[in-house]
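Participant: The chain contents come next:
2 protein chains.
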Amino acid sequence: MDRKIIGVDLGGTTIKFAILTENGDVQQKWSIETNILDDGAHIVPDIVSSINHHLHLYQMKPEQFIGIGMGSPGTVDRDRGTVTGAYNLNWKDTQEVKKIIEQDTKIKFTIDNDANVAALGEQWKGAGENDTDVAFITLGTGVGGGIVSNGALVHGVGAAGEVGHMNVEPDGYLCTCGNRGCLETYASATGVVRVARDMAEEFSGDSQLKSRLDDGQEITAKTVFDLAKRNDLLAKMVIDRVCHYLGIACANIGNLLNPSFIVIGGGVSAAGAFLLNNIEKYFEKYAFPSVRKTTHLRLAQLGNEAGVVGAASLTLS
Amino acid sequence: MDRKIIGVDLGGTTIKFAILTENGDVQQKWSIETNILDDGAHIVPDIVSSINHHLHLYQMKPEQFIGIGMGSPGTVDRDRGTVTGAYNLNWKDTQEVKKIIEQDTKIKFTIDNDANVAALGEQWKGAGENDTDVAFITLGTGVGGGIVSNGALVHGVGAAGEVGHMNVEPDGYLCTCGNRGCLETYASATGVVRVARDMAEEFSGDSQLKSRLDDGQEITAKTVFDLAKRNDLLAKMVIDRVCHYLGIACANIGNLLNPSFIVIGGGVSAAGAFLLNNIEKYFEKYAFPSVRKTTHLRLAQLGNEAGVVGAASLTLS
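Quick mapping for you: the protein sequence lines, in order, are chains H and W. Note that the first sequence covers residues 142 to 458 in my numbering. Note that the second sequence covers residues 142 to 458 in my numbering.
Since the hints were made in silico from the structure, they are not lab data. Nothing here was measured: the structure is a model prediction, and the numbers come from that model. Please note: incorrect hints may appear among the correct ones.
One copy or two, it doesn't matter: identical chains are merged, so the pair holds either way.
[Said to hold, decoys possible] In the SDA-like style, the derived pairs of lysine to any residue whose C-alpha atoms are separated by at most 20 Å in a straight line are:
id : residue 1 : residue 2
1  : LYS426    : GLY319
2  : LYS426    : GLU310
3  : LYS434    : THR317
4  : LYS434    : GLY319
The following block holds chain H by itself, in its conformation from the complex (with noise of 0.2 Å):
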C-alpha cells in the first residue's frame, strides 16, 4: 500500500495542512486559522486535533503515513524538534513541537523554518524542477531565501539562506536586523515603497506616482509596479533601482553556487514577468560569464502550496 506524507504550513494568519503521495502530488488540503492567543499557547494542540481530525474523517490510521513535515516562522531547533522567539505566533518562550505532535498524533514528526521548506517545496514539485542545485527568495514583508545544495538544505550553522540581509548598498538603508544596506531594505513591499517615498523626493518629471505620494495617497509595492508598467517615470526608476539590487544579489548567489535555477516567489513576485526581465537585466551584468549561461532565474510556481508540499518533503530526506 502507497504510504502518505503530511504537510503543514505554520503562518501568523493561517495554519495550511495537505496529504500527499510519496511522489509529492497533493491529495487532500484544508486549513484552519492561527490562533494566536494566550501566548500561542492553542497552536500545537489546535494542529493535532485538526491532523486527528482529517484523519478520522478520511478513515486513515497513523501507520500509513512516512510523518508529518512542517515549516514554522522562528528559530527551529531540526533535531530537538523545538521552535523558539515566533513572535508572529507570539511563541517568546521554546515550544515542544515535535514532543508534543509526536505523542498525539503517532506519527513521525520533521521541522524546518518557513523559507528553508518554502525552497524545497520550489525545489521539489515547482520551479525548481526537483533539480539538486536550486536557490529561492521571496519577497514578502521582508526577504528570506533557502538554498539547496547537492539535494540538500544549505544550513550551514543554523542561519544560512538569509538573502535579505545580503548587503548590496554599503551605507544604505538601516534594517530591522540593525545593519545598513541589506537587500531587504530595498526589495520587500515595504522596501519598495521605501525606494518610491525617497525618489519621489528628488524627481520633479511628470509621474502619477509622484502625484499620489504627495497627496499623501496610501501607495503599495503593487501600485508601484503598477504603475511602472504603464510607463509611469518614476515609478520606473523605483523598478528599477530595486531590479538592480536584486540583479546584483542574483548575480552572486549565481557566482558563489551556481545553481540551476534561482527561484524568485513571495507577494512581490506577482508582478511576474515584468519583475523577471528586470532582474535578468542586471543578473546578465553581473554574473560571470559561465554562470550567466547556466543558472537560470525563475518565477515560483507553487504559490501558496510550496510550504505544505516542502514541509511534506523533510519527511523524505
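Given the coordinates of chain H, assemble chain W onto it according to the supplied hints.
Facilitator: Frame of chain H, contents of chain W only:
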C-alpha cells in the same frame, strides 16, 4: 593493512605529489617541474612516470592505494575525468587525464579544479577543522574559492565557488571576465596594486607608497601591506578599501551559507593577522547578527600543502 592515498596538485610551474594515510597525514611528498612544452603533451606522462617511479622506490603496489586524487587548473569534467582550457598548462584541447592515468598506474583516479581541491584540503586538515560547512577564499594572482556545505563540495551546474567574481562595486574596475566591479579586481595581488595606483593619484599627503609609485618603482601587494603595517597613510587607506570589499564578500557568503569558517588563503594572505583583522572589521559590519556570532574568519593553515591534501580527500567521497 592500512591503505594509502596519492594526492596530486597540478600547477603551471610545479606538480606536487604526496602519499597520505586515510586520515590525511602526509607520509611522503615530492614535486617535479611542469613541462608545458608541446601543448602540454608531456604533463600527464610525467605525472604517471613520477608516480610509478616513487611507488617502485617505496616498494609499494597499486593495490595498496585507495586512489589518486588531483587538483587541476582549467575546466574540469569530473565525471569524464577530463580537463579543457587550462591555459597556464598550454592545454587548449580536452585532455583525457583520468583515462591515461588509470590505465598506466592501475590506480583509481578522481579529479576536481584546483580551488575546490584547496578548499577541501583546508576544510579537512586545516583551518576548517573538518567541519561540514566551510568556505575558502584564495587571494593570489586571481581570487578563487571553494564551498563545502553539508560535508560536500558545492559544484552547482559546474562553476560554483567563483568568489572572485562576486560583485562588490557596481560599475567598478573592469575584470578579465568582462564584468565590472568583481572582487578579484580589488583583492587579488594585482588588484591591490591597482587600487594603490588609483588612490595615489588623488592622494596629496605624506606617504612612502606615494613616493615609490611617483618614482616609478615596482610595487607589489606585499609592499602595500608592509607599508600599511608601518602606518603609511596611503597604504592604510588602500588596505582599508581592499578589506572593505573582502568584508562585504565574506559577509554575503556568511549570510547565504552561514559556514562555521570562512578560510582565507593564497599569497596575499601572507599579510596574516593584519589582513584578517581589517577584513573582520567590515565582516562584523555587514554580516547578519546571528551569522556574525557563528561564522568565523580564519587564515589558511596548510599553505602549499592544501592542494595535495585536498586532492587526496577526493578519493574518499
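Participant: Look at each hint and say if it fits the structure.
Facilitator: We went through each hint and held it up to the structure:
no. : hint            : verdict
1   : LYS426 - GLY319 : between (30 Å within a copy, 9 Å between copies)
2   : LYS426 - GLU310 : both (17 Å within a copy, 12 Å between copies)
3   : LYS434 - THR317 : between (35 Å within a copy, 17 Å between copies)
4   : LYS434 - GLY319 : between (36 Å within a copy, 14 Å between copies)
Against the hints set out earlier in the document, no violation occurs for any number.
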